[in-house]
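Below are the chains, spelled out letter by letter.
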Amino acid sequence: AQSVTQPDIHITVSEGASLELRCNYSYGATPYLFWYVQSPGQGLQLLLKYFSGDTLVQGIKGFEAEFKRSQSSFNLRKPSVHWSDAAEYFCAASAGGGADGLTFGKGTHLIIQP
Amino acid sequence: KAGVTQTPRYLIKTRGQQVTLSCSPISGHRSVSWYQQTPGQGLQFLFEYFSETQRNKGNFPGRFSGRQFSNSRSEMNVSTLELGDSALYLCASSPLFGLAGSQETQYFGPGTRLLVL
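Keeping their order, the protein sequence lines are chains A and B. Anchor point for the first sequence: position 5 equals 546 in my numbering, and the numbering is continuous, going up by one each time. Anchor point for the second sequence: position 52 equals 92 in my numbering, and the numbering is continuous, going up by one each time.
The following block holds chain A by itself, in its conformation from the complex (with noise of 0.2 Å):
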């Protein structure tokens, strides 16, 4: 069955830190990989995304992506948090051709400490 696993819960970064969130995928073929935030009460907002070529993508907000297909990862980074980065973060993933509703990991919820 096609799988989107996020192994940390929980994170804490102390403000100015870089950042890490981990994300692994299983589908049988390469799927659409996503990044989405979500602050309290709110809905999703898309951080970046990856569909093929160029293994590292740029989203908002400073965030960037390395696709690794060797280790079915898409794992999101950013050199230096903000307060106001603390939210909870979601990959997600499409197998395509249209119809495909997205899968989502469990989420990371993003702590920062002054």
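These aren't lab readings, by the way, just hints derived from the structure by calculation. This one's a predicted model, so the numbers in the text were calculated from it and none came from an experiment. Keep in mind that the hints are not guaranteed to be accurate.
Unchecked claim - Straight-line Cα separation of at most 30 Å, DSSO-like style, residue types lysine-lysine; simulated pairs:
hint	chain 1	residue 1	chain 2	residue 2
1	A	609	A	647
2	A	602	B	97
3	B	53	B	97
4	A	647	A	602
5	B	41	A	602
6	B	97	B	41
7	A	647	B	97
Position chain B against the provided structure of chain A, taking the given hints into account.
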């Protein structure tokens, strides 16, 4: 461009009632998907509509249904509400003019929070 809008934002119902939620996609987007978010199960795909046709459905009982209108607006309905239906219901739209790749990016609305008592 205006984003995805969902109405109502909050709803309280009692067990056994039915509820209808509405979603207006981004202008020009023809695909609308619905998701349920709960603390226990996380985000789960309900169904997807394109050109008024349901093309895919997640693993939910028949009490959950939806439809899409000719202007791409969509509604989902839940009949005979159960306590476990309390959740945030998210709608997402994507361009999806039959092309793969970037046209499949889904953009989410703020959600409708449903509480079943």
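Evaluation of the provided hints:
no., hint, verdict
1, A:609 / A:647, "holds, 20 Å"
2, A:602 / B:97, "violated, 33 Å"
3, B:53 / B:97, "holds, 24 Å"
4, A:647 / A:602, "holds, 22 Å"
5, B:41 / A:602, "holds, 20 Å"
6, B:97 / B:41, "holds, 28 Å"
7, A:647 / B:97, "holds, 20 Å"
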